[in-house]
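**Q** Protein chains in written order, with numbering that gives the first Met the number 0: chain A, 0 to 215; chain B, 0 to 469.
Because the hints were derived from the structure by calculation, they are not lab data. Mixed in with the good hints there might be a few duds.
Unchecked claim - Subject to a maximum C-alpha distance of 20 Å in a straight line, what follows is the list of computed EDC-like cross-link-like pairs (lysine to aspartate or glutamate):
1) A:195 - A:117
2) B:137 - B:112
3) B:211 - B:222
4) A:109 - B:272
5) A:109 - B:266
6) A:96 - B:389
7) A:96 - B:420
8) B:327 - A:88
9) B:416 - A:186
10) A:172 - B:310
11) A:109 - B:284
12) B:327 - A:143
13) B:327 - B:345
14) B:327 - A:186
15) A:96 - A:33
16) A:195 - B:338
17) A:109 - B:274
18) B:292 - A:106
19) A:195 - B:319
20) A:96 - A:72
21) B:327 - A:72
22) A:195 - B:52
Stated by the list, open to error - Covered by chain B, according to a simulated footprint, are these stretches of chain A (three or more residues, beta-carbon under 8 Å):
23) 17–23
24) 79–92
25) 96–110
26) 172–185
A virtual CB, placed ideally from N, CA and C, is assigned to each residue, including glycine.
Letter by letter, the chains look like this.
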Amino acid sequence: MEPIRILLADDHNILRDGMRLLLERQPGFMVVGEAADGREILQLARDRRPDVVVMDIAMPNMNGIEATRRIVEKHPRIGVVILSMHHDESYIIRSLKAGARAYLLKDAVKAELILAIEAVVDGRSFFSPQVSRILQEDYVQALDRKNADDTYDLLTDREREILQMIAEGKTNKEVANTLNLSLYTVDTHRTHILQKLNLHSVPELILYAVRKGIIS
Amino acid sequence: MRQRPGVVLVAGFGGLLLIMAAAEAGAFLFLNNLRHNDTALQARFLARNRTLERIRSNIYQSGTFVRDSLLAPGQSGARAEVATLDGLRLDSESALNSYAAALEPEEGAPFQDLRSQIEAYWKVLDRTLAWSGEEREKYRDAFFYQELVPRRTSMLQIADRIEAMNEEALRRGDVKLGDLFGRLQLGLLAMIAVTLLGGVTLAALTIFHILKLEGEVQRRLRESVHSRASLQELSARLVRAQEEERRALSRELHDEVAQAFSAVLLEAENLLDLDPAPEVRARLDSIRGVAAKGMHEIRNMALLLRPSMLDDFGLLPALEWQAREIGKRTGLRVQVASEMSAELPEEHKTCVYRVVQEALNNCAQHAQASAAQVCVRHQAGQILVTVQDDGSGFDPERVRGLGLLGMEERVRHLGGKFQIDSRPGRGTLLRVTLPLAAIPEAVRTSVVASEPELVWDGGPADGADSHSAG
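The shape of chain B in the complex, shown without the other chains (with noise of 0.2 Å):
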């Protein structure tokens, strides 16, 4: 189905292009030959006429001859004048019989009337060559009136005639040119057409044949927008739901099974209390020992999971929390400097936290740093995050781990920039830009260097409580 539309296309131009190319190199050929036949044509034209013209003056000449031969007054003389008159017979036949060889249909009766009436002149001519001095006197004047002028007017008119023949020959050959050459401009002409046709025909095809294609790639980049925005969408619905959960895990984790057992153990001190038998006294040691450990467990993994700082508190004690735990867990020095007045959006609180924590991590585990510098501000409507480590450093454009490409997604979600400089043996430089619109100026200066609010379950009617409260 795909491939037909291209398979008609490709026959469509390619059969217009040889059409064309043939119509042209036929119109070509036709109009040399034509020109080749005009040429030709011409050419024949002349040299019959040529050879005519010949015949004429040969009868011409050889009338002249004839009379000075007869006037002249010696048998010397006269001998002269038919040598000469020898030579204008023998150039006279040959142009003749060359006159012959294309000979038109028509002209043949003509023709073979001169070349008799020709021959019968030269016959008569001989006659008087055998005249003597006094045959000549004699019969001189009759001859040359009676015989020799009317045959020359004779001859004459018949060589007219022929040469009407000639003229008449060359017309018609014209006007077959002139046919030719007008059915070659109904050729083209119809060629012109039929390409013209084909081309409006395939240039019709063609421009559907685009214009569809065209909607269908539009629909698929707004299918592909779509899929991609809804992609996204989903993939920070996602992000939030993970961190819901671990904020709700952590704090069920902490304010609930941490304080079970933190129940258990006060139970069993107070069972100590009562003064208990040796034996007991065992079991609820170890009973106190288990709750201790349990409950020391859980709440290290309520921390891992999420901090209570960065609820409790905000943004900057969970990171120096991040930062003593990493230090001792790994030995990385971490210090933390912070120039931000006022508490940052949940989503965006999270976001820096998750991303220094990925960072540290990277540090401690990959980069093999000793030390790490966090810095975070908050300037011109943007928080700026920058994690500097003196680790190996890596290869930002050949290394692109999952943890990356989590960090990146994060910080994509908000609107943020997140960019790398690192080169191997030259430490890590990660720098977080995110744009944030709705932290008025008034606010951000008022609360600079003092602590952060403490009130985090209360809500806002905390400040009624107060009065009631005093």
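So here's chain A without its partners, still in its complex pose (with noise of 0.2 Å):
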């Protein structure tokens, strides 16, 4: 059987011969090619032909997310693992988004790499259980927005009045008035509104209004 072919990509020289040490030691795991910025790694990408890259974010010249989408953009075969001391969703996220199957945290390499890497040739998707746990939270954060039964629902009760006044085209000072708050609290309102219920303009919201029966 072929051996796997894997592309290093870390600007730190002490970790990428840990790495490679480890997965050298690994049967059908061959290490064709290392590169210490993003740039390098496209060329390599393209040269040597591997079936995985394992990506650093943090490097110089091109970070690692720009050139994991640069690179599945140009060979959709290659899997890229992202190997990365950031755990913050945003960075998670935009990996995905940019093409990596795989995102590792460096707190624990050694199982979690071999694992990640069998499961990317394979064509399959493989996190870090902290990972794993950020996304979940994502995504059902993301479910309880999209199925709220109603976005109407996340409004506050202010919200609500604020929402009836607008639609019925009043202005954001006569609104003021009538609630005795000041404009600047009415304008921070409106947005909040907009943003709840993913509105973009007083006329899409006059829309929403009428479809909900708000108003008439």
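Since each chain comes alone in its own frame, lean on the hints to assemble the complex.
**A** Laid out in structure tokens, this is it:
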């Protein structure tokens, strides 16, 4: 059976050495190249025909996420495993959107790295347990937002009141006067309403209100 | 040194006013006196004139009565005239006495003359009265024309002389008054000249002094404005330097120190792979644990110094991270809404992030809020940031902590406005407006809802590279 061809991209030599050592001891794994920055790895991805790229995010010249996007765009067959220090969802989600299929944290490398590479070669995804948890939370939150029976339920009483007044054509100033609030407060409420209902303008808001039967 | 001009001015103006007041009072008294003298002079003249008239008329009348008594047919008629003559004589004497009471020195001789002539005259008249009827017939004409008429004429002439002297005295008095008045005029003129001169000198001194003071004030104002500006510049630079240092430190910790821990961890795992003796395995496990823990802590420290998302992905991801982070730490539910279309300039991004960070910390720590809403909007060349909480609120007039001052300072550096709308029990609304000149409309609309640019280390050479990579 052909060995799995692997590229390593990390700007820390000592880490790359460690990884190479770890991977090459593994039967069926072969490290075919190493790069210290994003541009080098683009070059290697084209020249060395790897199956998997193990990629750090923080790298000089071009970061790992952008490098991932370009590699996946040109060579959809190559699986990218992100191996990063970053454990915030902004990094995880951006990496996944860029086309990475696995995301590992550098806390626990050995077992996860091998599992991740095998999964990616099989066309599956793989995440560190911590990453899985973050993704799950994010997904549940998104579901909550999307599946709330009605986005209208997300609004507070005051926001509903203001929604109706704006839909009835009242200006912010009129709303502020009627409810005895400051203009700023009304303005802020208006923004929150649009945000919560995922609307972008007052006409959309009026349309929404008509559909909901808030105004006729 | 500072006191002296003031003392000089007070003394100068006070002295000037005193001189003017004294001069006015003196002039007033002098004029009053002058008028009084003038009146007295007139009154004296009139009184003396009247007395002289009285003497004159008595002399005339006496002549008439003497003639009548001489012509009277009987002794009884003559006696009646004599009684009247006695009255005239007494009156003349009293008039002479009253005139003598206030005699001008040069009048002395003629007046004595007049007096003796009048006395002689009365004696002559006495003699005629003693005459019998025949004597009267006999000497009547001779007496009348040779005694009475010449004596009368002589007396009247003396009276005229005295009158002329009286008039002369009046004229002399007038001249004296005129002299006094002239002196007063001169005195007033001198006083006006002195006060005018003093006033002009004082005014010049005062103007000079005021101009000097004003120059001093202007200079200090300029200095103060200048030092204020440089203080602000310094503070802005300090803030920038601090931020720069935090960024560098954060990167260094995250990319170097944490990576070193990661390498240690990896090497430990590599060694574990070699199937070491159980004792060595235990040590390696311990090393791995320490490295993992160190890595974790360094990573958190780096994020707290300055979250890497702020530089890697922009403001909103950093704010969302901050919201999650504070939620995990304190339980505050934070909603972040953004109507931002383009990424902000570096300084604005940092400013908004730090202000929101501080505000959320306040919400959680001081306001005991349970929920907060953060909203960042971009409209009409301005960035509008609001942070609203449902906490205990406070009185912004009274409470001005270091945190608020720091936020305000950051906002002011970028020419923005910082407002706090809060009342005890009513939550807090913080509102920041930052002017933003340089983001063109096209960029703002084109990036709506798309992902922010992901390249952050690449720079402009990236585009060229993507071709060579393809």
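**Q** Hint by hint, say whether it matches the structure.
**A** So, going through the hints one by one against the coordinates:
no.: 1; hint: A:195 - A:117; verdict: violated, 41 Å
no.: 2; hint: B:137 - B:112; verdict: violated, 31 Å
no.: 3; hint: B:211 - B:222; verdict: holds, 16 Å
no.: 4; hint: A:109 - B:272; verdict: holds, 9 Å
no.: 5; hint: A:109 - B:266; verdict: holds, 10 Å
no.: 6; hint: A:96 - B:389; verdict: violated, 36 Å
no.: 7; hint: A:96 - B:420; verdict: violated, 40 Å
no.: 8; hint: B:327 - A:88; verdict: holds, 14 Å
no.: 9; hint: B:416 - A:186; verdict: holds, 17 Å
no.: 10; hint: A:172 - B:310; verdict: violated, 38 Å
no.: 11; hint: A:109 - B:284; verdict: holds, 13 Å
no.: 12; hint: B:327 - A:143; verdict: holds, 19 Å
no.: 13; hint: B:327 - B:345; verdict: violated, 28 Å
no.: 14; hint: B:327 - A:186; verdict: violated, 29 Å
no.: 15; hint: A:96 - A:33; verdict: violated, 24 Å
no.: 16; hint: A:195 - B:338; verdict: holds, 12 Å
no.: 17; hint: A:109 - B:274; verdict: holds, 14 Å
no.: 18; hint: B:292 - A:106; verdict: holds, 9 Å
no.: 19; hint: A:195 - B:319; verdict: holds, 16 Å
no.: 20; hint: A:96 - A:72; verdict: holds, 12 Å
no.: 21; hint: B:327 - A:72; verdict: violated, 37 Å
no.: 22; hint: A:195 - B:52; verdict: violated, 126 Å
no.: 23; hint: 17–23; verdict: holds (count 4)
no.: 24; hint: 79–92; verdict: holds (count 7)
no.: 25; hint: 96–110; verdict: holds (count 7)
no.: 26; hint: 172–185; verdict: holds (count 3)
The structure is inconsistent with the numbered hints 1, 2, 6, 7, 10, 13, 14, 15, 21, 22, although it conforms to all the rest.
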